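Protein chains in written order, with the numbering used here: chain B, 74 to 204; chain V, 1126 to 1572; chain X, 266 to 743.
Hints were generated in silico from the structure; no laboratory data involved.
Hints may be right or wrong, so weigh each one.
[Said to hold, decoys possible] Simulated pairs of lysine to aspartate or glutamate, EDC-like, Cα-Cα distance not exceeding 20 Å:
| hint | chain 1 | residue 1 | chain 2 | residue 2 |
| --- | --- | --- | --- | --- |
| 1 | B | 127 | B | 112 |
| 2 | V | 1402 | V | 1423 |
| 3 | V | 1185 | X | 569 |
| 4 | V | 1180 | X | 709 |
| 5 | X | 611 | X | 270 |
| 6 | V | 1498 | X | 294 |
| 7 | X | 611 | V | 1133 |
| 8 | X | 738 | V | 1439 |
| 9 | B | 177 | B | 202 |
| 10 | V | 1406 | B | 128 |
| 11 | V | 1537 | V | 1282 |
| 12 | V | 1341 | V | 1317 |
| 13 | X | 631 | X | 608 |
| 14 | X | 288 | V | 1317 |
| 15 | V | 1157 | X | 709 |
| 16 | X | 491 | V | 1158 |
| 17 | X | 276 | V | 1423 |
| 18 | V | 1187 | X | 294 |
| 19 | B | 138 | X | 658 |
| 20 | V | 1177 | X | 360 |
| 21 | X | 630 | X | 709 |
| 22 | X | 425 | V | 1439 |
| 23 | V | 1187 | X | 709 |
| 24 | V | 1531 | X | 575 |
| 25 | X | 292 | V | 1488 |
| 26 | B | 203 | X | 370 |
| 27 | X | 738 | B | 133 |
| 28 | V | 1440 | X | 449 |
| 29 | B | 86 | B | 188 |
| 30 | B | 179 | B | 77 |
| 31 | B | 204 | X | 569 |
| 32 | V | 1416 | X | 270 |
| 33 | B | 86 | B | 120 |
| 34 | B | 177 | B | 128 |
| 35 | X | 292 | V | 1551 |
| 36 | V | 1185 | X | 387 |
Here the structure is a predicted model, which means the values were calculated and not measured.
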Amino acid sequence: MEYEFPDDIKYMKTHEWARIEGDMATIGITDYAQHQLGDIVYVELPEIGRTLEKDSNAGEIESVKAVGEILMPLSGEIAEINAIIIESPESINSSPYGTGWMMKIKVSNSSEINELLSVEDYKKIVEEEKK
Amino acid sequence: MDFVPHDDKTITEMLKVIGINNLEELFQDIPKDLIINSLNLPLGLSEPDVLKNLKELSQKNKVYSNSFLGAGYYFHYIPSLVDFVISRTEFYTSYTPYQAEASQGYLQAIYEYQSVISRLTQMDVANASMYDGSTALAEAAIMATIITRKNSLLLLEGIHPEYSEVVKTYCWGQGINLRIIAENKLKDELNEDIAAVLFQSPNFFGDIEDVSMLAKRVKEKAPNCLLIQCMTDPTCLGVLKPPGETDVDIFVAEGQSFGISPSFGGPGLGIFAAKKKYLRKMPGRLVGKTKEIDGEREGFLLTLQAREQHIRREKASSNICTNQALCSLSALIYIISLGKTGLREIASQNFQKANYVKIKLTEIPGYEILNKKPTYNEFIVKCPDVDALTHECKQLNLLPPLCLSKYFPNLKNIVLVCVTEMNSRESIEKFINAAKNALHNKKEGKK
Amino acid sequence: MDINDSLIFEKGVDRAQKNFIPKMDVKTEKLEDILPKNLLRDVLPIPDVPEVEIVRHYVKLSTINYGVDSGIYPLGSCTMKYNPKINEIVVRLNEFSQIHPLQDESEGSLELLYNISIMLSEITGMDGFTLQPAAGAHGELVGMLIIKKYFETKGIIKDKIIVPDSAHGTNPASAKMAGFSIIELQSNEYGEVSLDHLEFAMQQGDVAGIMLTNPNTLGVFDRQIKDITKIVHKHGGLCYYDGANLNPMLGICRPRDMGFDIVHLNLHKTFSTPHGGGGPGSGPVGVINELISFLPKPYIISTDDSIVCEQNNDKSIGRIKAFWGNFGVILRAYTYILSLGADGLKRVGQIAVLNANYLKCLLQKKYELPYNRRCQHEFVLSDKNLPNDITTEDVAKRILDYGYYSPTIYFPLIVNGAIMIEPTETESKYSLDKFAEAMLKIYDEALNKPELLKSAPHNTPIGRLDAVIAARKPILHD
Chain B
74 MEYEFPDDIK YMKTHEWARI EGDMATIGIT DYAQHQLGDI VYVELPEIGR TLEKDSNAGE
134 IESVKAVGEI LMPLSGEIAE INAIIIESPE SINSSPYGTG WMMKIKVSNS SEINELLSVE
194 DYKKIVEEEK K
Chain V
1126 MDFVPHDDKT ITEMLKVIGI NNLEELFQDI PKDLIINSLN LPLGLSEPDV LKNLKELSQK
1186 NKVYSNSFLG AGYYFHYIPS LVDFVISRTE FYTSYTPYQA EASQGYLQAI YEYQSVISRL
1246 TQMDVANASM YDGSTALAEA AIMATIITRK NSLLLLEGIH PEYSEVVKTY CWGQGINLRI
1306 IAENKLKDEL NEDIAAVLFQ SPNFFGDIED VSMLAKRVKE KAPNCLLIQC MTDPTCLGVL
1366 KPPGETDVDI FVAEGQSFGI SPSFGGPGLG IFAAKKKYLR KMPGRLVGKT KEIDGEREGF
1426 LLTLQAREQH IRREKASSNI CTNQALCSLS ALIYIISLGK TGLREIASQN FQKANYVKIK
1486 LTEIPGYEIL NKKPTYNEFI VKCPDVDALT HECKQLNLLP PLCLSKYFPN LKNIVLVCVT
1546 EMNSRESIEK FINAAKNALH NKKEGKK
Chain X
266 MDINDSLIFE KGVDRAQKNF IPKMDVKTEK LEDILPKNLL RDVLPIPDVP EVEIVRHYVK
326 LSTINYGVDS GIYPLGSCTM KYNPKINEIV VRLNEFSQIH PLQDESEGSL ELLYNISIML
386 SEITGMDGFT LQPAAGAHGE LVGMLIIKKY FETKGIIKDK IIVPDSAHGT NPASAKMAGF
446 SIIELQSNEY GEVSLDHLEF AMQQGDVAGI MLTNPNTLGV FDRQIKDITK IVHKHGGLCY
506 YDGANLNPML GICRPRDMGF DIVHLNLHKT FSTPHGGGGP GSGPVGVINE LISFLPKPYI
566 ISTDDSIVCE QNNDKSIGRI KAFWGNFGVI LRAYTYILSL GADGLKRVGQ IAVLNANYLK
626 CLLQKKYELP YNRRCQHEFV LSDKNLPNDI TTEDVAKRIL DYGYYSPTIY FPLIVNGAIM
686 IEPTETESKY SLDKFAEAML KIYDEALNKP ELLKSAPHNT PIGRLDAVIA ARKPILHD
């Protein structure tokens, strides 16, 4: 099974990704994660304007047979929620790094970016989990 | 007796296939000192002997010819169709319909139950059931704290005392604060920290609240606060404005009145319904309609299971698994058997007969109806002598009304009278006579 | 059989159906004169359906449903045993069904509740019971609240509960509802608790107790059970027994002797009360002497003259349900225990285990059995040997084509593609043989004609349903 691992983003070991652009970050879940969950049926995300710390709970993502917690890769204020995935959660399955993005945040502490995983480190984590 | 179908020869054959010599070897993994010889219980009985035993025990209970007791459980007429349907073996000996394709019968029935509850209450969505009214209220309260992320609740006086106790226990379990307040204190106590206001209507004392007004008061002061209504006899919905038209966020009720015998207090039925926006936070099973993957036919299945404990485990908001499925089937058949005509008529009779008793009681000096608001089939009455009334009722084979001192020790000499469509004119006349006799006997110092 | 029958709502007619309304025999004011208009509803959207149509509709629905009276129902962890018909007669006796929970002169019912507590105490070895919990999960919550209250009373803070990774989902959910957080213990290669891991977890000092079922959800008896409960007690914790799997232990072994302090039972599993399509059940909780004062109100005790209920007790966790418990369910269990007696109950334990081991021997010829050891009342197969990308779900759907109800699937979580099978003691050898024959045939089909499984079921009223759309855009009422 070949999963997608774009190299222009950072990763968390809990399978979230973050694309940093200036002081904003776009957040989603990885191709491996959407595959593990199966057909996604519902996503719950925080309200716009809420500020959350890194590693805190930022919502949930449900499939028919499982539920996963979304964790904040970085601390920040929720600036935008992707309306497409609320209406059509299947976009996360078909395009986890593209139209299936989940939220955009205003990064409050850019030093936290260094704590995120590179694509190579994340690939290793996936290899371990598959065993 | 037992229900094991094997004879000794069969058992020997089976032991051989397994590769052991006797039944004891089946328990080889159990430490020897844990194996018991036999239980210290009598030997088994055959059917006729069991029946005799139970009949004798049941004779120690008294069935009254008529009842004036309510207070959370009610005597209503149960249509013959209810027992007929729930006795269908394919329904009552089945399990939770996990394999949808082999359980379409029950799944459709539960879907129809969810639908009649939605129609009756006008709430957007109803689940497949909770254990009873009291636990449904407790779970609704917890659901409100999860939705609002707030940790305090206000309970209005007038909620059934046993229900309040159950809510207290559940809240203690999760460190949720609650206060019971009088309705006129609502304005002072309500603030942005309150997750929900819980109230009962018709309440324990019989009062019907103007729920629309209450909802307005709550939402104006605290727009994010949820309003949760509970009800102990939902037959009133045959006539009363449904919660869905009054801005109630979560509605729970005891469904025993819908076709379930009193049976000493259980099993009952927890009716649970809420506004659409809270759907994903609702506890309990839900049946949904869908299509075949490779076809056009519509069918039913358990859905949104990712809310439940078997998937979420410690992240679940509720641990409920087995609920009250067969009781929800009873309720469905009751509601459908009566139809809108029957539901309206039964509710009207309850109102009118209770009203009739109120009028008759008021004619007896010493009896005073204490309700200031309209009532359904229950109301509270101040009596000259509650013990005498109770005694006189029993003399006439009537189940006496509840003495409020059972729950409120300082409310002596007040009873909660319940009158339903099952109270014939004769039984009402007897009750009025009992009330008169109680006065008479009290005057003469008799008991 | 055409499943696309309409919903009951489409069978309404424009004629009042008055079959179930008593005659109104008092003259009094009209409703509109008693009640203010703003309290009344305008529309009541419930159809008036003729009686015959109601009967036909629900009889038809019952025929496209499967119950334990239809055939073997080998759902692991559910104990789908035969539901004796005498129970249904007893429960309908007027002197039981027409009793109001708040009335006097209910000594018969109170005595029954007291008697069954004695019987359940004898069966489990515990000292006192509450009959209040309405289901197993409700009983688990009670057990967790008792543990919470126990430590609160002692002024000790212990906020964790240990649960094995094979536990039923209600266990951690119940612990959480009582304010605990969970430590999950990995099972070892025998499917049993690792004593080292347990010791380590207990040494942290904040563990209030452990929740276990024994035999566990793999169907195996944890041989170290006495050591497990000893370790927990040594560190000041309490041991909770999930009684869902009590069936094989009836008359053989008792949770108290294993070292447990609190147990819940599932009357709708072990004690033959019907599952009702998902309830009602009953989950009584038994405790050791030291914990009796924490039981929920009301607690029923006996005096020389009568059965009374003890209400005022500061240490009680409080009330967890209105009234007395699911009396109608408890009454059926009582009838069952009387019917079986000490001899019959022991037979249940023995034959439940005989049947499970027999069926296991037949099926393990082809299916993989990850924990290949003596099982008790149930056993778990995995999807390891399934060929041609066939999944456990495919097998389960194909079983329906053979006219059986599928076993529990995808539980416990620690076995890949788990198929959990519990035949119970009321299945005949013939029934077991036929079921095994079907399962082995299905395996061969998986090898030679996998498309039959992939597209199953074919012989049911409806084909495989789309669960994804149902969850994305739920339609929950008409």
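Taking the hints in turn, this is what the structure says about them:
With a C-alpha separation of about 27 Å, the suggested pairing of residue 127 of chain B with residue 112 of chain B is violated against the 20 Å cut-off. For the proposed pair residue 1402 of chain V and residue 1423 of chain V, the alpha carbon gap of about 25 Å is over 20 Å, so the pair is violated. About 17 Å separates the Cα atoms of residue 1185 of chain V and residue 569 of chain X, which keeps this hinted pair within 20 Å; it holds. Proposed proximity of residue 1180 of chain V and residue 709 of chain X is contradicted: the alpha carbons are some 54 Å apart, above 20 Å.
This hinted pair does not check out: residue 611 of chain X and residue 270 of chain X have alpha carbons roughly 46 Å apart, beyond 20 Å. This hinted pair checks out: residue 1498 of chain V and residue 294 of chain X have alpha carbons roughly 17 Å apart, not beyond 20 Å. Of the supplied pair hints, the one linking residue 611 of chain X and residue 1133 of chain V holds, its CA atoms being roughly 16 Å apart against a limit of 20 Å. About 26 Å separates the Cα atoms of residue 738 of chain X and residue 1439 of chain V, which puts this hinted pair outside 20 Å; it is violated.
Our distance criterion of 20 Å between C-alpha atoms is broken by residue 177 of chain B and residue 202 of chain B, whose separation comes to about 28 Å. Straight-line distance between C-alpha atoms of residue 1406 of chain V and residue 128 of chain B comes to about 23 Å, which puts the hinted pair past the 20 Å bound. For the given pair, residue 1537 of chain V sits about 18 Å from residue 1282 of chain V by alpha-carbon distance, which is consistent with the 20 Å threshold. Between residue 1341 of chain V and residue 1317 of chain V the alpha-carbon distance is near 16 Å, which keeps this suggested pair within the 20 Å criterion.
Taken as a hint, the residue 631 of chain X and residue 608 of chain X pair is broken in the structure, with Cα atoms around 36 Å apart against an allowance of 20 Å. Simply put, residue 288 of chain X and residue 1317 of chain V have alpha-carbon atoms about 51 Å apart, too far for the 20 Å limit, and the pair is violated. Proposed proximity of residue 1157 of chain V and residue 709 of chain X is contradicted: the alpha carbons are some 42 Å apart, above 20 Å. Distance hint between residue 491 of chain X and residue 1158 of chain V is fulfilled; the C-alpha atoms sit about 10 Å from each other, no more than 20 Å.
The suggested pairing of residue 276 of chain X with residue 1423 of chain V holds, with an alpha-carbon distance near 18 Å, which does not exceed 20 Å. Between residue 1187 of chain V and residue 294 of chain X the alpha-carbon distance is near 35 Å, which puts this suggested pair outside the 20 Å criterion. About 12 Å separates the Cα atoms of residue 138 of chain B and residue 658 of chain X, which keeps this hinted pair within 20 Å; it holds. With a C-alpha separation of about 13 Å, the suggested pair residue 1177 of chain V and residue 360 of chain X falls inside the 20 Å cut-off, and the hint holds.
Straight-line distance between C-alpha atoms of residue 630 of chain X and residue 709 of chain X comes to about 12 Å, which keeps the hinted pair within the 20 Å bound. For the hint linking residue 425 of chain X to residue 1439 of chain V, the alpha-carbon distance of about 12 Å falls within 20 Å, and the restraint holds. Proximity of residue 1187 of chain V to residue 709 of chain X is assessed by CA-CA distance (about 62 Å); at most 20 Å being required, the pair is judged violated. Using a Cα cut-off of 20 Å, the hinted pair residue 1531 of chain V and residue 575 of chain X holds, with the two alpha carbons roughly 14 Å apart.
The hinted pair formed by residue 292 of chain X and residue 1488 of chain V meets the criterion: a straight-line CA distance of about 16 Å does not exceed 20 Å. At most 20 Å may separate the alpha-carbon atoms for a hinted pair to count; residue 203 of chain B and residue 370 of chain X exceed this at roughly 65 Å. Between the alpha carbons of residue 738 of chain X and residue 133 of chain B the distance comes to roughly 17 Å, so the proposed pair stays at or under 20 Å and holds. A threshold of 20 Å between alpha carbons decides the hint, and for residue 1440 of chain V with residue 449 of chain X the separation of about 13 Å falls inside it, so the pair holds.
A hinted pair counts as satisfied when its Cα atoms are at most 20 Å apart, and residue 86 of chain B with residue 188 of chain B qualifies at roughly 11 Å. For the hint linking residue 179 of chain B to residue 77 of chain B, the alpha-carbon distance of about 26 Å lies beyond 20 Å, and the restraint is violated. For the suggested pair residue 204 of chain B and residue 569 of chain X, the alpha carbons sit about 66 Å apart, so the restraint of at most 20 Å is broken. About 14 Å separates the Cα atoms of residue 1416 of chain V and residue 270 of chain X, which keeps this hinted pair within 20 Å; it holds.
Distance restraint check for residue 86 of chain B and residue 120 of chain B: the Cα-Cα separation of roughly 25 Å exceeds the 20 Å cut-off, and the hinted pair is therefore not satisfied. At roughly 16 Å between alpha-carbon atoms, residue 177 of chain B and residue 128 of chain B fall within 20 Å of each other, so this suggested pair holds. In summary, the hint linking residue 292 of chain X to residue 1551 of chain V is supported, as the alpha carbons are separated by about 13 Å, within the 20 Å threshold. Restraint check: the Cα-Cα separation between residue 1185 of chain V and residue 387 of chain X comes to about 25 Å, which exceeds 20 Å; the hinted pair is violated.
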